[in-house]
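Enquirer: Since chain A is already given, all that's left is putting chain B on it; use the hints.
Spelled out from the first residue to the last, the chains are:
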Amino acid sequence: MSATQTRRRQSAIDNLARWLDQRLDLASGSKKYLNKAFPAHWSFLLGEVALFSLVVLLFTGTFLALFYTPDARTVIYDGPYAPLQGAEISAAYNSTLRLSFEVRAGLLMRQIHHWAALVFVAAIVAHMLRVFFTGAFRKPRELNWVIGVGLLLLAFAAGFTGYSLPDDLLSGTGLRIGYSVVLGIPFIGPLLGFLLLGGEYPGTDTISRLHIAHVMLIPAGLLGLLGAHLAILIRQKHTHKPSKLAREDNVVGEPLFPSQTLTTLSLGAFTIAVLSLLGGLFEINPVWLYGTYEPYEVFAPAQPDWYMGWTEGLVRLWPAWEWTVFGVTIPSTLLPAVGIGGVIFTTMFLWPWIDKKWVGRDDLEHHLLERPRDNPLRTGIGVAALTLMAVIFVAGSNDVIASNLTMGLQTLTNVLRVACFVLPPIAGWLAYRMARSLQASEVSPLEQKAQAADASGGAKTSEAEPR
Amino acid sequence: MASAEPTGAQAEAWRRQREQQDRGARVAAISFVVAIIAAFGLMAVYISGGQTQLEGLLLFIAFGGVGTGLGVWGKKVVGPKIVVEERFPHRSTEQDRDEFEAAYEESLGEAIIGGRRRFLLRLLAGAGASLGLALLVPLRSLGPGPGGVMFVTEWEAGRRLVDANGNPIRPEDVGADEVRTVFPADAVGDAKAQALLIGTRPDQLVLDELAAETVDTLVCYSKICTHAGCPVGLYRASVGELICPCHQSTFDVNQGAEVVSGPAGRPLPQLPLGIDDEGYLVATGGFTAPVGPSFWNMTRDVESRLGRGTQES
Chain A
0 MSATQTRRRQ SAIDNLARWL DQRLDLASGS KKYLNKAFPA HWSFLLGEVA
50 LFSLVVLLFT GTFLALFYTP DARTVIYDGP YAPLQGAEIS AAYNSTLRLS
100 FEVRAGLLMR QIHHWAALVF VAAIVAHMLR VFFTGAFRKP RELNWVIGVG
150 LLLLAFAAGF TGYSLPDDLL SGTGLRIGYS VVLGIPFIGP LLGFLLLGGE
200 YPGTDTISRL HIAHVMLIPA GLLGLLGAHL AILIRQKHTH KPSKLAREDN
250 VVGEPLFPSQ TLTTLSLGAF TIAVLSLLGG LFEINPVWLY GTYEPYEVFA
300 PAQPDWYMGW TEGLVRLWPA WEWTVFGVTI PSTLLPAVGI GGVIFTTMFL
350 WPWIDKKWVG RDDLEHHLLE RPRDNPLRTG IGVAALTLMA VIFVAGSNDV
400 IASNLTMGLQ TLTNVLRVAC FVLPPIAGWL AYRMARSLQA SEVSPLEQKA
450 QAADASGGAK TSEAEPR
Chain B
0 MASAEPTGAQ AEAWRRQREQ QDRGARVAAI SFVVAIIAAF GLMAVYISGG
50 QTQLEGLLLF IAFGGVGTGL GVWGKKVVGP KIVVEERFPH RSTEQDRDEF
100 EAAYEESLGE AIIGGRRRFL LRLLAGAGAS LGLALLVPLR SLGPGPGGVM
150 FVTEWEAGRR LVDANGNPIR PEDVGADEVR TVFPADAVGD AKAQALLIGT
200 RPDQLVLDEL AAETVDTLVC YSKICTHAGC PVGLYRASVG ELICPCHQST
250 FDVNQGAEVV SGPAGRPLPQ LPLGIDDEGY LVATGGFTAP VGPSFWNMTR
300 DVESRLGRGT QES
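In order, the protein sequences belong to chains A and B. With the first letter of the first sequence counted as 1, position 45 gets the number 44 in numbering that gives the first Met the number 0; the numbers rise by one all the way through. With the first letter of the second sequence counted as 1, position 267 gets the number 266 in numbering that gives the first Met the number 0; the numbers rise by one all the way through.
For reference, chain A alone in the conformation it holds in the complex:
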């Protein structure tokens, strides 16, 4: 040891590492992490795409915050964008325009930020589907599944509040709808709405409240939950796909250093690269075209960002049912937006336990992943749920689709209502049957392992590295 050390050149990094180690005792604790196993399959990287999108959001968001004014007071626009010159607009909208037209690289940052938000939610959803269909949420990972659903909810909240900040006509309309849904909650709705926005819509405090939620409260929650998500991941180690080496009591994969480090950094660079390209070349949310928000103006067609499409679809599909029971009015937005939304997310939060009782039917620790075919019932339920979400999502733009198909809007809405009940069972049943027949046509890797283990008298098949 000492011989090799004296031969090696002492670089500044060596000295720094030694300096740190003498104070923090790092080498002994970190040694094992160099060889920490990361599953090599691409589907394990979806969560990392979300992580890097969040990093981009934090950096671009900080840049935007330096120029944004969360103020609803009106000013006269005198910037370079000719169509709005002399218009009375809010200070918030004015600062968004200034950021877009006058701050160098401002438009790029704004567009990257918006694209990153869309990719962030998409990556979370893709990651979640991987975890769902492979059964990675099973014991002992229920807690991380619940935290993940919480992260998805916070991502929605971050998206919705951020979308409303420019104070343009489209975002103001979205906010108006959200506020109306809150107002409709029995007993507490009006008070809750007044407290959230500081009075009746559109109050003067609305923008500054949304701003604080968007730049402070929600990111704090996101980062807190993300920290817990990652800490639990490291503590519990990864799941892995069945293979010759993989067992329930080991982890097979690429070593953290250098393979996985290089892969992760490469993926991060590519994520940022693609978001930069999107932000640079593909215009998104051109707020200057929408004009400033006036409560009595609106334009059609008005649609939210994609991840809010399901709420939009639900309220469009829901019939005009409004009841007054014992003097309490139940508005027609309550059941679809609050009721169904609540049912969807409650089911998602509780899924590990639902799965335990009726789907996977065991309470054992699972570290070896299943393929979708290995649990046909779960796959069927997942596909049915996805189909339902897809129909609802389509319904969120029923006006555009109806006019493109030259079809009556009512006809299309009724077709989609029927589809909500007919398509999910069909798709779910098909997925179930496919999984069953795929299963029948082969010996699953899990069974292969079991057979191999039986044949060799349960002998271990690999030399495991000590922790």
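The set of hints was computed from the structure by calculation and includes no laboratory data. Be careful, since some hints might not be right.
Pairs of lysine to aspartate or glutamate residues, derived as DMTMM-like cross-links and limited to a Cα-Cα distance of at most 25 Å, are as follows [as the list claims (entries may be wrong)]:
{"id": "1", "chain 1": "A", "residue 1": "Lys30", "chain 2": "A", "residue 2": "Asp13"}
{"id": "2", "chain 1": "B", "residue 1": "Lys80", "chain 2": "A", "residue 2": "Glu47"}
{"id": "3", "chain 1": "A", "residue 1": "Lys31", "chain 2": "A", "residue 2": "Glu364"}
{"id": "4", "chain 1": "B", "residue 1": "Lys75", "chain 2": "B", "residue 2": "Glu155"}
{"id": "5", "chain 1": "A", "residue 1": "Lys138", "chain 2": "B", "residue 2": "Glu18"}
{"id": "6", "chain 1": "A", "residue 1": "Lys31", "chain 2": "B", "residue 2": "Asp95"}
{"id": "7", "chain 1": "A", "residue 1": "Lys355", "chain 2": "A", "residue 2": "Asp204"}
{"id": "8", "chain 1": "A", "residue 1": "Lys138", "chain 2": "B", "residue 2": "Glu85"}
{"id": "9", "chain 1": "A", "residue 1": "Lys138", "chain 2": "B", "residue 2": "Glu93"}
{"id": "10", "chain 1": "A", "residue 1": "Lys31", "chain 2": "A", "residue 2": "Asp20"}
{"id": "11", "chain 1": "A", "residue 1": "Lys243", "chain 2": "B", "residue 2": "Glu93"}
{"id": "12", "chain 1": "A", "residue 1": "Lys35", "chain 2": "A", "residue 2": "Asp204"}
{"id": "13", "chain 1": "A", "residue 1": "Lys356", "chain 2": "A", "residue 2": "Glu141"}
{"id": "14", "chain 1": "A", "residue 1": "Lys240", "chain 2": "A", "residue 2": "Glu321"}
{"id": "15", "chain 1": "B", "residue 1": "Lys75", "chain 2": "B", "residue 2": "Asp162"}
{"id": "16", "chain 1": "A", "residue 1": "Lys240", "chain 2": "A", "residue 2": "Asp361"}
{"id": "17", "chain 1": "A", "residue 1": "Lys31", "chain 2": "B", "residue 2": "Glu85"}
{"id": "18", "chain 1": "A", "residue 1": "Lys138", "chain 2": "A", "residue 2": "Asp362"}
{"id": "19", "chain 1": "B", "residue 1": "Lys74", "chain 2": "B", "residue 2": "Glu11"}
{"id": "20", "chain 1": "A", "residue 1": "Lys35", "chain 2": "B", "residue 2": "Glu85"}
{"id": "21", "chain 1": "A", "residue 1": "Lys240", "chain 2": "A", "residue 2": "Glu47"}
{"id": "22", "chain 1": "A", "residue 1": "Lys30", "chain 2": "A", "residue 2": "Asp362"}
{"id": "23", "chain 1": "B", "residue 1": "Lys80", "chain 2": "A", "residue 2": "Glu247"}
{"id": "24", "chain 1": "A", "residue 1": "Lys355", "chain 2": "A", "residue 2": "Glu141"}
{"id": "25", "chain 1": "A", "residue 1": "Lys138", "chain 2": "A", "residue 2": "Asp248"}
{"id": "26", "chain 1": "A", "residue 1": "Lys138", "chain 2": "B", "residue 2": "Asp21"}
{"id": "27", "chain 1": "A", "residue 1": "Lys243", "chain 2": "A", "residue 2": "Glu364"}
{"id": "28", "chain 1": "B", "residue 1": "Lys74", "chain 2": "A", "residue 2": "Glu47"}
{"id": "29", "chain 1": "A", "residue 1": "Lys31", "chain 2": "A", "residue 2": "Glu47"}
{"id": "30", "chain 1": "A", "residue 1": "Lys31", "chain 2": "A", "residue 2": "Asp13"}
{"id": "31", "chain 1": "A", "residue 1": "Lys30", "chain 2": "B", "residue 2": "Glu85"}
{"id": "32", "chain 1": "B", "residue 1": "Lys80", "chain 2": "A", "residue 2": "Asp248"}
{"id": "33", "chain 1": "A", "residue 1": "Lys243", "chain 2": "A", "residue 2": "Glu441"}
{"id": "34", "chain 1": "A", "residue 1": "Lys35", "chain 2": "A", "residue 2": "Asp24"}
{"id": "35", "chain 1": "A", "residue 1": "Lys240", "chain 2": "B", "residue 2": "Glu85"}
{"id": "36", "chain 1": "B", "residue 1": "Lys75", "chain 2": "A", "residue 2": "Glu247"}
{"id": "37", "chain 1": "B", "residue 1": "Lys80", "chain 2": "B", "residue 2": "Asp21"}
Calculated from the model, a selection of chain A residues having no Cβ within reach of chain B, i.e. all distances over 12 Å [what the hints assert, rightly or not]:
{"id": "38", "residue": "Ala90"}
{"id": "39", "residue": "Val273"}
{"id": "40", "residue": "Trp352"}
Cβ coordinates follow ideal geometry from the N, Cα and C atoms, glycine included.
Expert: Showing chain B alone in chain A's frame:
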């Protein structure tokens, strides 16, 4: 690694691996150089005034170069390697649990003697809960309570209708098929009082269906959708239907703004119209119902809260 002389086949395999590594290293090096050039290009574009598309493209090339370099480095130069880690059950041993419990009990027992422990813990929980509640109460400062505010608007008997520019309107100014956004005089732009003054086609208006009095073939409704509060911005004159662009609720203006289709649960509230001494349109009271999206207590004491009956002219 192996100290023995390599055999022919082994040497060939090593040579090939070596070649692949060299190739990988070259590609990675080129990628990093591209990234460096793009980064300097980005600085140049920024300094010379900035250009959004070019900046995005150069950022893409710079980060793409770094990503390619790192990826090739990992896959070709370092090469595939699989490690196997042991996994231990996610629970403490029974002994550890027992020891922890014993240590915990012992320390608490020493700190708080005997039967008083439970008593103290309960009081502490009570104090914590009370304090938590007390700290939540200031949330009430965030805004005023709704009170009766949601039942009333700026409209009152005798208030003139004005357009978005503040000009009063005579009945004869509004022709058939014409729609105007109107506000109470001196409250132009008011979000809650916004209303639509519509000139219906002759003989189309069904007076029996209207909830309040009106003038000639004119009729005036709240512009806020009773579904989710969007401005009801589209008018299909041929059938006399108002359509909300957000969720396509459709209201029949000739039938008291009854819901024809879409998710809205109730008609648009109507504004009773009259004419003042100078011949301008005025409201003769407030809206016939609370405006905007429905809320839980909107049917409670609605007559008194709307202030109707007292302000009828």
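Enquirer: Has the given pair, Lys80/B with Glu247/A, been kept, meaning a C-alpha gap of at most 25 Å?
Expert: holds (21 Å)
Enquirer: Would the pair Lys355/A and Asp204/A pass a check requiring their Cα atoms to be no farther apart than 25 Å?
Expert: violated (46 Å)
Enquirer: When you check the alpha-carbon spacing of Lys31/A and Glu47/A, does it fall within 25 Å?
Expert: holds (22 Å)
Enquirer: Between the alpha carbons of Lys138/A and Asp362/A, is the straight-line distance 25 Å or under?
Expert: holds (7 Å)
Enquirer: Does Lys356/A pair with Glu141/A here, judged by a C-alpha cut-off of 25 Å?
Expert: holds (13 Å)
Enquirer: Would you check the hint for Lys240/A and Asp361/A, treating anything up to 25 Å between C-alpha atoms as holding?
Expert: holds (19 Å)
Enquirer: With a cut-off of 25 Å on the C-alpha distance, tell me whether Lys35/A and Asp204/A pass.
Expert: Since the Cα atoms of Lys35/A and Asp204/A sit roughly 50 Å apart, the hinted pair is violated (cutoff 25 Å).
Enquirer: Does the claim that Trp352/A lies outside the interface with chain B hold up, using a Cβ gap greater than 12 Å?
Expert: holds (17 Å)
Enquirer: The output says Ala90/A does not contact chain B. Does that hold with a beta carbon cutoff of 12 Å?
Expert: holds (17 Å)
Enquirer: Within 25 Å, alpha carbon to alpha carbon, are Lys240/A and Glu47/A?
Expert: Within the cut-off at roughly 18 Å; holds.
Enquirer: For the pair we were handed, Lys138/A and Glu18/B, check the Cα-Cα distance against 25 Å.
Expert: violated (46 Å)
Enquirer: Taking only the CA atoms, is the gap from Lys30/A to Glu85/B under or equal to 25 Å?
Expert: holds (15 Å)
Consistency with the previously given hints fails for numbers 4, 5, 7, 11, 12, 14, 15, 22, 26, 36, 39, ordered from lowest to highest.
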